[in-house]
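Top line first, the protein sequences correspond to chains W and G.
Counting from 1, position 242 in the first sequence corresponds to residue 242 in my numbering; the numbering is continuous, with no gaps.
Take the position in the second sequence, starting the count at 1, then add 306; the result is the number in my numbering.
The reader is advised that the hints may include incorrect statements.
To be verified - Straight-line alpha carbon distances no greater than 25 Å define the calculated BS3-like cross-link-like pairs of lysine-lysine that follow:
1. G:K683 - G:K667
2. G:K632 - W:K246
3. G:K508 - G:K427
4. G:K683 - W:K171
5. W:K197 - G:K355
6. G:K554 - G:K567
7. G:K577 - W:K246
8. G:K728 - W:K197
9. G:K427 - W:K171
10. G:K494 - G:K508
11. G:K576 - G:K638
No lab work stands behind these hints: they were computed from the structure.
Computed from a prediction, not measured in an experiment: that's the story for all the values here.
These are the residues of each chain, in order.
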Amino acid sequence: MDRILNLVFTTDFISSVIRVTTPILFATMAVLMSERAGVVNISVEGAMLISSLMGVVGSAYTGSAWIGLLIAVLSGIVYSWILAVFHLRLNTNIVLTGIALNLLASGLTVFILFLLTGDKGVSTALPSKVLPNVSIPLIKNIPILGNIISGQNFLTYIAILSVFVIHIFLKRTRLGTYIRAAGEAPEAVETAGKSVKSIRQKALIISGALAGCGGAFMSMAYLSMFTKDMIAGRGFIALAAEAMGKGNPILSFVVSLLFGFADALSNNMQLLSIPSEITRIVPYLVTIFALAIYSGRDLTKKKNPI
Amino acid sequence: MPDLIQMKEISKIYGNGIYANRHVSFSVREGEIHALVGENGAGKSTLMKVLYGLEKPDSGEILINEKPVTFSSPQDAMKMGIGMVHQHFMLVGSLTVTENVVLGYEPMSGIFIDHNKARQKVMQLSESFNLKIDPDIRTSDLAVGLKQKVEILKALYRGAKILILDEPTAVLTPQETEELFTQLKSLKKQGFTVIFISHKLKEVKAISDRISVMRRGEMIATVNTQDVSEHDISEMMVGSNITGKIEKEKANPKESYLEIKNLVWHDNNKKAVVNGISLTVRSGEIVGIAGVEGNGQDELIELITGLKAPDSGEIILLGKSTNGKKIRQRRKMGMAYIPSDRMTLGIAREMSIENNIISTKLDDKSIYNTIFLSRQKIKSLSKKLISDFNIKCRSERTEIGMLSGGNIQKVVVAREFSSNSKIIIAEQPTRGIDVGAAEFIHKKLIELRDNGCAVLLVSADLDELKKLSDSIVVLYNGKITAYIDDVSDVSDSDLGNYMLGVKKQSDEEIGRAYNA
Numbered sequence: 001m002d003r004i005l006n007l008v009f010t011t012d013f014i015s016s017v018i019r020v021t022t023p024i025l026f027a028t029m030a031v032l033m034s035e036r037a038g039v040v041n042i043s044v045e046g047a048m049l050i051s052s053l054m055g056v057v058g059s060a061y062t063g064s065a066w067i068g069l070l071i072a073v074l075s076g077i078v079y080s081w082i083l084a085v086f087h088l089r090l091n092t093n094i095v096l097t098g099i100a101l102n103l104l105a106s107g108l109t110v111f112i113l114f115l116l117t118g119d120k121g122v123s124t125a126l127p128s129k130v131l132p133n134v135s136i137p138l139i140k141n142i143p144i145l146g147n148i149i150s151g152q153n154f155l156t157y158i159a160i161l162s163v164f165v166i167h168i169f170l171k172r173t174r175l176g177t178y179i180r181a182a183g184e185a186p187e188a189v190e191t192a193g194k195s196v197k198s199i200r201q202k203a204l205i206i207s208g209a210l211a212g213c214g215g216a217f218m219s220m221a222y223l224s225m226f227t228k229d230m231i232a233g234r235g236f237i238a239l240a241a242e243a244m245g246k247g248n249p250i251l252s253f254v255v256s257l258l259f260g261f262a263d264a265l266s267n268n269m270q271l272l273s274i275p276s277e278i279t280r281i282v283p284y285l286v287t288i289f290a291l292a293i294y295s296g297r298d299l300t301k302k303k304n305p306i
Numbered sequence: 307m308p309d310l311i312q313m314k315e316i317s318k319i320y321g322n323g324i325y326a327n328r329h330v331s332f333s334v335r336e337g338e339i340h341a342l343v344g345e346n347g348a349g350k351s352t353l354m355k356v357l358y359g360l361e362k363p364d365s366g367e368i369l370i371n372e373k374p375v376t377f378s379s380p381q382d383a384m385k386m387g388i389g390m391v392h393q394h395f396m397l398v399g400s401l402t403v404t405e406n407v408v409l410g411y412e413p414m415s416g417i418f419i420d421h422n423k424a425r426q427k428v429m430q431l432s433e434s435f436n437l438k439i440d441p442d443i444r445t446s447d448l449a450v451g452l453k454q455k456v457e458i459l460k461a462l463y464r465g466a467k468i469l470i471l472d473e474p475t476a477v478l479t480p481q482e483t484e485e486l487f488t489q490l491k492s493l494k495k496q497g498f499t500v501i502f503i504s505h506k507l508k509e510v511k512a513i514s515d516r517i518s519v520m521r522r523g524e525m526i527a528t529v530n531t532q533d534v535s536e537h538d539i540s541e542m543m544v545g546s547n548i549t550g551k552i553e554k555e556k557a558n559p560k561e562s563y564l565e566i567k568n569l570v571w572h573d574n575n576k577k578a579v580v581n582g583i584s585l586t587v588r589s590g591e592i593v594g595i596a597g598v599e600g601n602g603q604d605e606l607i608e609l610i611t612g613l614k615a616p617d618s619g620e621i622i623l624l625g626k627s628t629n630g631k632k633i634r635q636r637r638k639m640g641m642a643y644i645p646s647d648r649m650t651l652g653i654a655r656e657m658s659i660e661n662n663i664i665s666t667k668l669d670d671k672s673i674y675n676t677i678f679l680s681r682q683k684i685k686s687l688s689k690k691l692i693s694d695f696n697i698k699c700r701s702e703r704t705e706i707g708m709l710s711g712g713n714i715q716k717v718v719v720a721r722e723f724s725s726n727s728k729i730i731i732a733e734q735p736t737r738g739i740d741v742g743a744a745e746f747i748h749k750k751l752i753e754l755r756d757n758g759c760a761v762l763l764v765s766a767d768l769d770e771l772k773k774l775s776d777s778i779v780v781l782y783n784g785k786i787t788a789y790i791d792d793v794s795d796v797s798d799s800d801l802g803n804y805m806l807g808v809k810k811q812s813d814e815e816i817g818r819a820y821n822a
């Protein structure tokens, strides 16, 4: 136990919490955007996976990490847009479509990887680029805090910024207000003469772009390559984070930090010669417990005898 | 003066082949309050949906100011100055009054909504039309009457000169109704045109200049309000004489069947929604519960039926405590329940009439052949109930969701009344159904009372309460504010005062609800 505590209270650890929170945070914001518009988007996982591969492929063939990022974001958007077409235009069941897209992503990425490299597991054969870390002048010189805040990846800052941008976007802009209204009372939006479908489609596109950033972070910052199924459930953890954050961007951010903490703990516990089969369970265990406590609190409120 | 709106020979056929409107012609003059009346399913709402661009007519044309128009969406209608206040409010609960009113037409500054300007505009509107309301409050926190004001403001903000109100008084107290009427009259003075859908004849008579009556998808007549009596209108609506009164003997109550002692229930915010209610319903009487929606009556019924568990207090059915008893056990003890929300609690929409009828009878051996359900027995039971309760349907196998509201309710009532229950909890048993079906259900309730059942009736319709109840209990804020033992003796305004908590009886008088 002491060893774990020693591990947790270091600047390195706190800095790693922020780093591993980044993909969860992008995923959470992606889920949040669609959820607020009234669409349960479980295919964020798949969108991230596709984007992580496309980022690697894009950067490898163009030689530019930035173009790789752009391609990743576009793939996220396209993937989300496919969900929009199926759900909103062809009226398919949103959850089933989401599952299908997730399964497709898992298979398709391996297929593409195999076509390009002949390898079914990792993309080491591709000379892909990574996104730069940014050290912030002045702040980096502050003791302790400097090590935590400065020197993170470019996308980490974007992720944190996105929380506040989304907060203001939902509250103060026209589309943001429509998204909230479409999620809560679609008939009110429809009678106000706005198309709920087109609002939801826009929300899904934003959601896809955020998932794309999350995917790019995974393969171009967190690791410097693509590996099979590398999202490892972060898109699903995001569903929990969004629900526990009650759809509020700031609260959801705080909850995703909790999950990031669990993730970082699991990574670092491996250093303590605890078998990785056990440590890898930690983030998912935390998710289940957090959800159970969260909804358990709801249940006691209801006192339902049925 | 030429008519402002002319709808000519409008026909609308729905997917199931039913004519909702059959060659309906309807016209409205500028600056009048025009009532559109008819039973449920008469086609009023369809006609208005056509006018508001929500439904496309299969034939016919609409002229506004003598110019033909075609609406393919509500925006087209709005552009011509038509606004609609829906029966079910179209509000976003977490948005403020201002945000709701301007929704879809926000003033902008740059990429952001100009909230100050929006707020100002809403304030101006509310002032000039005397629709007083706090622009910054979330609409989910508003009372029903105020929500309606927001809806009216919304229509006015969008530039409506013609307002369609779909059964606006269905959810209002007598006082709120009066306030609405004052506002409508002042709108009329300012040159607005109002189309008022209703089936409450008293109100129609009080507010309208002209009345159009629809029946079974057809327009029966348009008359000047002053030329006709309520009786005349009701005759046109149903096509036969219906008195509106009901024959019943004086109640002859016997032992107590349902006893409620000091019942308390708190919601999530620790608010006592049901706050110490005690009352008794005896064999052979109908006790009515009056109250503005949201004053604890829904929760009281949920506690009695077992959908919720009380925090303290007791409910006694036929001498036995219900503490810890589940819904099915309570039903077995002799309780029947007609829920107000028939579509979700009363029926399984996509199942047949037959299956809906047996849904509460699956413990009953009489529908089984040894271990399997007997098709034959179920069929004959269903056929019998369909004919006893005069349910209009193609067969007992018809999907219940295909029936009209009145007939769906008849199925629910048939199921509940056929279980030999001693205690009937009837919650809004005739809300939104046509006069004929309502009267049928009223008669059945009286019949059950005379056969010795105890009936607890919750209704938002004061006329219904007064017509049926032997005594009335008024709820306000989770407490009983009045017990009225002589229903013939009470005026609407007295009831309204008790319902709004303006007046309250002494504890002694209220205690009679339990001890009488």
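How the hints compare with the structure:
1. G:K683 - G:K667: Distance of about 12 Å is within 25 Å: holds.
2. G:K632 - W:K246: Violated - the C-alpha atoms of W:K246 and G:K632 are around 32 Å apart, more than 25 Å.
3. G:K508 - G:K427: violated (36 Å)
4. G:K683 - W:K171: violated (60 Å)
5. W:K197 - G:K355: holds (21 Å)
6. G:K554 - G:K567: Answer violated: G:K554 to G:K567 is near 30 Å, above 25 Å.
7. G:K577 - W:K246: holds (23 Å)
8. G:K728 - W:K197: violated (50 Å)
9. G:K427 - W:K171: holds (19 Å)
10. G:K494 - G:K508: holds (19 Å)
11. G:K576 - G:K638: Between G:K576 and G:K638 the Cα gap is close to 32 Å, so the pair fails against 25 Å, i.e. violated.
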